[in-house]
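*Asks:* Dock the two chains into a complex; use the hints.
Going down the list, the protein sequences come from chains C and V. Numbering that gives the first Met the number 0 numbers the first residue of the first sequence as 0 and each following residue consecutively. Numbering that gives the first Met the number 0 numbers the first residue of the second sequence as 0 and each following residue consecutively.
Keep in mind the hints are simulated off the structure, nothing from the lab.
With a straight-line Cα cutoff of 27 Å, these simulated DSSO-like cross-link-like pairs (lysine-lysine) come out:
hint : chain 1 : residue 1 : chain 2 : residue 2
1    : C       : Lys33     : V       : Lys56
2    : C       : Lys177    : V       : Lys63
3    : C       : Lys5      : V       : Lys22
4    : V       : Lys70     : C       : Lys33
5    : V       : Lys23     : C       : Lys83
6    : C       : Lys33     : V       : Lys63
7    : C       : Lys300    : V       : Lys22
8    : V       : Lys70     : C       : Lys177
9    : C       : Lys67     : C       : Lys208
10   : C       : Lys83     : V       : Lys56
11   : C       : Lys300    : V       : Lys21
12   : C       : Lys300    : V       : Lys23
Here are some, though not all, of the chain C residues that point toward chain V, as calculated from beta-carbon distances under 10 Å:
hint : residue
13   : Thr188
14   : Pro304
15   : Pro308
16   : Ala331
17   : Pro336
For clarity, every value in this text was computed on a predicted model and none was experimentally measured. All residues carry an ideal CB built from backbone N, CA and C; glycine is no exception.
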Amino acid sequence: MLEQGKIDSRQAILLIISLVLPTAILTVPAITVKHAAQDAWISIIVATMAGLLIARLVTDLSLRFPGKTLFEYAEEILGRVPGKVVGFLYIWWFLHANALIMDEYASFLCSAHMPDTPVIVFFILGIAVAACAVRNGLEVLSRFNQLFLPLFLGLLLVVFILATKDMKVTRLLPVFDKGAIAILKGAATPASWLGEIVIFTMIIPFLNKPKEAYRVAALATLFTSFYLLVSILVAIMIFGPNVTGHWIFPTYNAVRVVSIANFLERMESIAVAVWMFGGFAKVGVFYYAAVLGSAQWLGLKDYRPLVAPVGVILVALAALCENIVELLDFLATAWPPYALSVFEVGMPLVLLIVALARGKGGEGT
Amino acid sequence: MIFLLIVSFIGIILLEVPGLVKKKMWRELVAFSVYLAIGMALSIPQVLGIKVPNPSKAIEALFKPLAELMK
Numbered sequence: 000m001l002e003q004g005k006i007d008s009r010q011a012i013l014l015i016i017s018l019v020l021p022t023a024i025l026t027v028p029a030i031t032v033k034h035a036a037q038d039a040w041i042s043i044i045v046a047t048m049a050g051l052l053i054a055r056l057v058t059d060l061s062l063r064f065p066g067k068t069l070f071e072y073a074e075e076i077l078g079r080v081p082g083k084v085v086g087f088l089y090i091w092w093f094l095h096a097n098a099l100i101m102d103e104y105a106s107f108l109c110s111a112h113m114p115d116t117p118v119i120v121f122f123i124l125g126i127a128v129a130a131c132a133v134r135n136g137l138e139v140l141s142r143f144n145q146l147f148l149p150l151f152l153g154l155l156l157v158v159f160i161l162a163t164k165d166m167k168v169t170r171l172l173p174v175f176d177k178g179a180i181a182i183l184k185g186a187a188t189p190a191s192w193l194g195e196i197v198i199f200t201m202i203i204p205f206l207n208k209p210k211e212a213y214r215v216a217a218l219a220t221l222f223t224s225f226y227l228l229v230s231i232l233v234a235i236m237i238f239g240p241n242v243t244g245h246w247i248f249p250t251y252n253a254v255r256v257v258s259i260a261n262f263l264e265r266m267e268s269i270a271v272a273v274w275m276f277g278g279f280a281k282v283g284v285f286y287y288a289a290v291l292g293s294a295q296w297l298g299l300k301d302y303r304p305l306v307a308p309v310g311v312i313l314v315a316l317a318a319l320c321e322n323i324v325e326l327l328d329f330l331a332t333a334w335p336p337y338a339l340s341v342f343e344v345g346m347p348l349v350l351l352i353v354a355l356a357r358g359k360g361g362e363g364t
Numbered sequence: 000m001i002f003l004l005i006v007s008f009i010g011i012i013l014l015e016v017p018g019l020v021k022k023k024m025w026r027e028l029v030a031f032s033v034y035l036a037i038g039m040a041l042s043i044p045q046v047l048g049i050k051v052p053n054p055s056k057a058i059e060a061l062f063k064p065l066a067e068l069m070k
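Pulled out of the complex, with its shape left as it was, chain V reads as follows (with noise of 0.2 Å):
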C-alpha cells in the first residue's frame, strides 16, 4: 500500500515538475510542492494506520450550539 502511495506521487512529480521548470514558473513549482506536501501529510499517516484528526469533527464541535438547534 505505502509503496504503491510513493510511486503514485512519484508518478504525479513526474507529470508536473519537468514542465514547470522547463518554462521557469518558480511560484507554480512552490505551490504544487506545497499542496503536494499538504496531500502527503494526510495520505502518509493513513495508510500507515496513524490516526489522523478529521476536520469535520472540528466543525462539528465549532457549530455545535447551531447544530444542537438541527436535532
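Same shape as in the complex, but just chain C (with noise of 0.2 Å):
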C-alpha cells in the first residue's frame, strides 16, 4: 500500500469541496454568462444534475473494487495493457488540468493584484507549498484543508450577504430568454468542472467508511453548486449579464463594489484569501492524484521521490499557457468536450460496462 492514510468521510466532502469550488467561482460564471445570460442559474442546476449522475458513476465504479484506485483496477478489468493506456491517459489529464489550474490562478492574481510580478513567482511557490502538502500524504492535505476551508467558505457567504445591498432581483428577467441550446451550452462548463469529481476514484480507497462515499460524493457536489450558483446570481443580480459576461473575474468584480456605510468595503482581500488558499488546496489534491497514480502506474514501492520531479513538470507545463485570453478561450470552447466526454464519463462509463459485463469487482454497495 502506497498510502497509509485514512480519513473521515467529513474530510473527504470538504476535500472534494476544494477540488472543484475554487476555480469554478473564479473562471465559470464569465463562461457561462457568456452563453446563457440571465439564465445561468438555469445552466447551474442542469449542471448540478450532470454533476451527481457522475459522481454517482464514479462511486459505483470505485466501490466495486474496494481499497484500490482507478489505475489500479482499470488493468484488473480491461486487462494490462488497455489498462496501462488509460491509466497513462488519466496521469496526462491529471498534469495537464493542474497546470491550467495553475496559469488560472496566476493570470488572476497577475492581473487583479500583482501586476509587477512575474508571473512564474505564482507558479514556483504555489507549487512548491503544495508539493510539500503532497509528500507528507492525504491525511496533511485534508486535515489542512479541514481547517481552513469552513473558516473561508463562512466568510465568503458574509461577503455575499453583505453584497446583497447592490442587488436588484429584476435582472434575472427575462426567463428563459435565451432558449434552451443556450442553456445547455452554458451548462457544459461548469458541469464539466463538477465533473473533475473523477479524482474521488483516487480517494474513496482511503475513506475509513467506503459505505459513506455515496452520500459524501453527492453532499460534496449539491455543495458545491450552491456556492456556484450563488456566486453567478450575486454577480448578474448587482451588474446585468452584459457587463457580467464581458468580465473575467465576475465574482471578484462583485465581491469589490461592496461598501457598506463607507467602512465596511475593499472586501476583495477576504475573497483573494480565499482563492489562494482554495487554489493551492485545488492543486494540491491534482497533484497528488497523479503523483500516486504515476507511482500505482508504474508498480513503486513509496510515491515521494516521484513529487519533485512531477512539480517541475507542471511549472514547466503551467508556463506554456501564454496569456489569459487564450486560457479561457480553450477553457470555454476546448476543454468542456475534452474533460467531460472522455476523462469524466466516457472512460469511467467504458469501465463501468465493462466491469459489469466481465463480472469483475465486488457487488457494491
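*Replies:* Right, dumping it as C-alpha cells:
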C-alpha cells in the first residue's frame, strides 16, 4: 500500500469541495453568463444534475473494487495493456488540468492584484507549497483543508450577504430569454468542473467508511453547486448579464463593489485570501492524484520520490500558457468536450460497463 | 535564469537520489530520473527562449469539431 493514511467522510466532503469550487467560482461564471445571459442560474442547475450523475457513476465504479484506486482496477477490468493506456491518459489529464489550474490562479493574481510580479513566481511558490503537502500524504492535505475551508466558505458567504444591498432581482428577467440550447451550452462548462469529482476514485480507497461514499459525493456536489449558483446570482443581480459576461472575473468584481456606510469596504482581500487558499488546495489534490497515480502505474513502492519531478513538469507546463485570453478561450470551448466526454464520463462509463459485462469486482454497496 | 534552473535541478537531485540509492530503490530511481528528464526537456528550452509546443493547442485541434458546438 502506497498510502497508509485514512480520512473520514467529513474530510472527504471538504476535500472534494476544494477540488472543484475554487476555480469554479473564479472562471466559470463569466463563461456560463456569456452563453446563457441571465438564465445562467438555470445552466448551473442543469450542470448540478449532470454532476450528481457523474458522482454516482464514479462512486459505483470505485465501490466495486474496495481499497483500489482507478489505476489499479483499470488494469483488472481491461487487462494489462489497455489498463496501462487508460492509466497513462489519466496521468496526463491530471497534470494538464493542474497546469491549467495554476494558469487560472497565476493570471488572476497577476491581472487583478500583483501586475508587476512575474507570473513564474506564483507557479513556483504554489507548486512548492503544494509539493510539501503532497509529500506528507493525503491525511495532512485533508486536515489542513478541514481546518481552513469552513472558515473561508463562511467568510465568502458573509461577503455575498453584504453584497445584497446592491442587488436587483429584476436583472434576472426575462427568464428563458435565450432558449434551451444556450442554457445547455452554458451548462457544459460548470458540468465539466463538477465532473472533476473523477479524482474521488483516488480518494475512496482511503475513506475510513467507504459505505458513506455516495453521501460524500452527493453532498460535496450539492454544496459546490450551491456556492457556484450563489456567486453567479450575485454577479448577475449586481451588474446584469451583459456586463457580467464581458468580465474575466465577475465574482471578484461583485465582491469589490461591497461598501457598507463607507466603512466596510474593499472586501476583495477576503475573496483573494479564499482563492489563494483554495487554489493551493485544488492544486494539491490534483498533484496528489497525479503522483499517486504515477507510482501505482509504474508499480513503485513509494510515491514520494516522484513529488519533486512532477512539480517541475507542472511548472513547465503551466509556463507554456501565453496569456489569459487564450486560456479562457480554451476553457470555454475545448475543455468541456475534452474533459467531460473522455475523462469524466467516457472512460469511467466504459470501465463500469466492461466490469459489469466481465463480472469483475464485488457487488458494490 | 538558466543558472538558477540548473541549481534547482541539482537541489532536487541531491534531495532525493542519496536516499533512494541508500535504500536500493532502483525502480523508483529510474522513474524519478525519467520524470525529471521530462521536466528538464519542458523547462530548459523555455528558459533559453526556444518555443516549446503547447499541448493545449494539440487538444484544441483534436476536439475542434466538438469545440465548434460550444461557440
